[in-house]
Amino acid sequence: MIHEKVNLLLADDDTDDCTFFREALEELPVTASLTTVNDGVQLMKLLTKNLNPIPDILYLDLNMPCKNGFECLSEIKSNDKLKYLPVIIYSTSFDIDIADTLFENGAHFYIRKPAEFPNLKKVILKSIALIVENKNGHPSKEEFVISR
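649 is the number that this note's numbering gives to position 87 of the sequence shown; each next residue is one higher, with no gaps.
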């Protein structure tokens, strides 16, 4: 069990995926609050409007309207206030070259959205635990992709 409360932010345009994420989180031994946004413009407005405190973890979908996850990651990592925000890429697609680029651009982990609910719970719990245990560190490239 993770003993500290974590503030999570999920940026994903798929409302079903947001619902599944929330339901999975509610079944985990974690005290967490979850805020969701549905596109990259909403995300960046929320993060840059004196959000205090900033979230403990951002789960970022890559393929969103208005501004995609790649653009958001770049803006986050170039912003002095946000650059240490742990960003976990949360996407249905997976390409090793894209994953390598995301790692190099400062993302902490990459989760390919699991199709099965029990696996979704496992990867969410694992990702939260990894961030909480390793407060300010960046994972190695070998640990970057989280699977069940």
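Incorrect hints may appear among the rest.
Simulated pairs of lysine-lysine, DSS-like, Cα-Cα distance not exceeding 27 Å [what the hints assert, rightly or not]:
{"id": "1", "residue 1": "K675", "residue 2": "K607"}
{"id": "2", "residue 1": "K643", "residue 2": "K684"}
{"id": "3", "residue 1": "K688", "residue 2": "K703"}
{"id": "4", "residue 1": "K683", "residue 2": "K611"}
{"id": "5", "residue 1": "K643", "residue 2": "K607"}
{"id": "6", "residue 1": "K684", "residue 2": "K611"}
{"id": "7", "residue 1": "K607", "residue 2": "K567"}
{"id": "8", "residue 1": "K688", "residue 2": "K643"}
{"id": "9", "residue 1": "K683", "residue 2": "K643"}
{"id": "10", "residue 1": "K675", "residue 2": "K688"}
{"id": "11", "residue 1": "K567", "residue 2": "K643"}
{"id": "12", "residue 1": "K567", "residue 2": "K645"}
{"id": "13", "residue 1": "K683", "residue 2": "K703"}
{"id": "14", "residue 1": "K629", "residue 2": "K643"}
{"id": "15", "residue 1": "K639", "residue 2": "K629"}
{"id": "16", "residue 1": "K675", "residue 2": "K703"}
{"id": "17", "residue 1": "K611", "residue 2": "K629"}
{"id": "18", "residue 1": "K639", "residue 2": "K688"}
Simulated restraints on C-beta separations [claimed, not checked]:
{"id": "19", "residue 1": "K688", "residue 2": "S595", "range": "17 to 23 Å"}
{"id": "20", "residue 1": "T610", "residue 2": "P680", "range": "35 to 41 Å"}
{"id": "21", "residue 1": "R674", "residue 2": "N696", "range": "20 to 26 Å"}
{"id": "22", "residue 1": "N625", "residue 2": "N681", "range": "28 to 34 Å"}
{"id": "23", "residue 1": "L596", "residue 2": "N681", "range": "28 to 34 Å"}
{"id": "24", "residue 1": "P615", "residue 2": "S636", "range": "20 to 26 Å"}
{"id": "25", "residue 1": "E633", "residue 2": "E589", "range": "28 to 34 Å"}
{"id": "26", "residue 1": "V694", "residue 2": "S655", "range": "24 to 30 Å"}
{"id": "27", "residue 1": "K611", "residue 2": "P680", "range": "15 to 21 Å"}
{"id": "28", "residue 1": "E633", "residue 2": "L596", "range": "19 to 25 Å"}
{"id": "29", "residue 1": "V694", "residue 2": "K639", "range": "27 to 33 Å"}
{"id": "30", "residue 1": "K567", "residue 2": "K703", "range": "28 to 34 Å"}
{"id": "31", "residue 1": "D578", "residue 2": "C628", "range": "17 to 23 Å"}
{"id": "32", "residue 1": "K703", "residue 2": "V603", "range": "18 to 24 Å"}
It is worth saying that the hints were derived from the structure and are not from the lab.
The C-beta atom is built at its ideal place from N, Cα and C for all residues, glycine as well.
Any of the earlier hints contradicted here, and which numbers? Violated hints: 2, 4, 6, 9, 22, 23, 27, 29, 32; rest satisfied.
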